[in-house]
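Listed below are the residues making up each chain.
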Amino acid sequence: MSSFLALTPDDWEIIRLSLKVSLVAVALTMPIAFGLAWVLARLRFPGKLLLDGLVHLPLVVPPVVTGWLLLLAFGANGPAGRWFADWLGIEFMFRWTGAALAAAVMALPLMVRAMRLSIEAVDPRLEGAARTLGATRWRSFLTITLPLSLPGVLAGAVLGFARSIGEFGATITFVSNIPGETRTLPIAIYSALQVPGGEEAVTRLAIISVLLSLGALIASEALSRRAGAGRGGHVL
Amino acid sequence: MSFEISVSRRLGQGVIALDMAGGDGITALFGPSGAGKTSILNMVAGLLRPDRGRVAVAGRTLFDGDAGIDLAPERRGAGYVFQDGRLFPHRRVRANLLYGARLATPEARATGLDIALDEVVAFLGIGHLLDRWPRTLSGGEAQRVAIGRALLACPRFLLMDEPLASLDAARRDDIMAVIERVRDEFGLPTLYVSHDRAEVERLATRIVAMPQRDTA
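In the order they appear, the protein sequences are chains A and B.
Each residue of the first sequence is one higher than the one before, counting from 1455 in the working numbering.
Each residue of the second sequence is one higher than the one before, counting from 1242 in the working numbering.
Chain A extracted, bound-state conformation (with noise of 0.2 Å):
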């Protein structure tokens, strides 16, 4: 039994890539995400209903079209991954980085709900309090609108760390499944199960995946309770 749940070194490979891929997608994502949730709590303007929709597309589109979207854009002769590769070095075909991209993609509308959520509930008054003492619009974003949807953001960050980690359709549609590269928990679990006597491997996997997705989701739910104490701070 023991033996059993022993990960073996590929194991500890694939955790470590799945933890790689979704940390820089989380953070990559973030300033996004944030600055995304910003406009969206707090202006108005034409096209808004627009961007909402398109933020969330993602997350109602079947992942096998997100990815084979990501493709026509990223891929070697889409224009952005042109633009990537020639600007700033970066190919995302076949690689850990599109791996990431398209965990960001999946994760960032969870992380926009989320933050808005947060951003919303920051009293802009308090912000106008801190306009008439001297602050300036930044400082007072900094100092009043920041601090207070800070859990909120952390908790949405989280929120989408989980996903990122269960990320499986776009990704594999974008990048394929590639070992050491692209084949994070998910998509290595896939595999296994398309291996006669894979069961095992199956098994860890799926404990581990169920271990790290629930750690982040407690993670989540403590911080936005923290953000929402008396506002009903949940983000799901």
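For the record, the hints were derived by calculation from the structure and aren't laboratory data.
Quantities reported herein were computed from a predicted structural model and do not represent experimental measurements.
Errors might be hidden in some of the hints.
What follows is a set of in silico ranges between Cβ atoms, one per label pair, in the way DEER data are often shown [what the hints assert, rightly or not]:
#1 A:Leu1505 with B:Phe1427: 47 to 53 Å
#2 B:Glu1421 with A:Arg1680: 37 to 43 Å
#3 B:Trp1374 with A:Gly1507: 36 to 42 Å
#4 A:Arg1680 with B:Gly1309: 43 to 49 Å
#5 A:Leu1604 with B:Phe1427: 34 to 40 Å
#6 B:Gly1368 with A:Arg1496: 35 to 41 Å
#7 A:Trp1522 with B:Arg1376: 49 to 55 Å
Here are a few chain A residues that face chain B, going by a calculated C-beta distance under 10 Å [unchecked claim]:
#8 Ala1583
#9 Leu1587
#10 Ala1589
C-beta atoms are modelled at their ideal positions from N, C-alpha and C, and glycine is treated no differently.
Got chain A; can you put chain B on it based on the hints?
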């Protein structure tokens, strides 16, 4: 004249318009709720932009629609006391009091009220509250802290928006006495909004009736 206000602003169904002047001491803006008194204060503070008109306090133009002058709220030198205190919930009382004081420029110190934390704390009797969180304060305590925070931001003038409205009768008397002492001690021109006649008659040097909102 301390306050020269001539503004109009379309808001929702109606138009809020006021043409008034006020001298030293407390000028009370008196009228029924819904007349737009708070909107007038917000226009003086720079939180709400008038459609047209002019706002000047103590000879300094804060807004002039024709001349294209519109000072940012942080440069107007308003000490704004809100109806609900509006303390920052993530900062203790001490940090709330010092929020504006820490941001005050040398120019603000030279031209506005320059007063030390200790002085304000003693004046308002809030020394025992300094390490408390705002949510643990009673309504009267919160309003004292809000007044202190406004005084410490080196204001050139004060705006008070129904500062007694959320208090019970005993606390109202208490805070009214504080406001009288602020008026007599610091001599800051004050624009005071209320719908309570007795309160206005006790505090105000001059009373301006807020006209009903024109529904156009």
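For each hint, the structure was consulted:
1. Checked against the hint of 47 to 53 Å, the pair Leu1505 (chain A) and Phe1427 (chain B) passes, with Cβ atoms roughly 49 Å apart.
2. Look at Glu1421 (chain B) against Arg1680 (chain A): about 42 Å separates their beta carbons, and that is inside 37 to 43 Å.
3. A hinted range of 36 to 42 Å holds for the C-beta pair Trp1374 (chain B) and Gly1507 (chain A), which are about 40 Å apart.
4. Checked against the hint of 43 to 49 Å, the C-beta distance between Arg1680 (chain A) and Gly1309 (chain B) comes to roughly 46 Å, which is consistent with it.
5. Between Leu1604 (chain A) and Phe1427 (chain B) the beta carbons are some 37 Å apart, a value that agrees with the proposed interval 34 to 40 Å.
6. Distance hint check for Gly1368 (chain B) and Arg1496 (chain A): the Cβ-Cβ separation is about 38 Å, which falls inside the suggested range of 35 to 41 Å.
7. Between Trp1522 (chain A) and Arg1376 (chain B) the C-beta distance comes to about 51 Å, which sits within the given range of 49 to 55 Å.
8. A cut of 10 Å between beta carbons decides the hint on Ala1583 (chain A): the least distance to chain B is about 5 Å, and the hint holds.
9. Against a cut-off of 10 Å between C-beta atoms, the interface hint on Leu1587 (chain A) holds, since the closest Cβ of chain B lies about 3 Å away.
10. Of the supplied interface hints, the one on Ala1589 (chain A) holds, with its beta-carbon coming within about 6 Å of a beta-carbon of chain B, less than 10 Å.
Consistency with the previously given hints is maintained throughout, with no hint failing.
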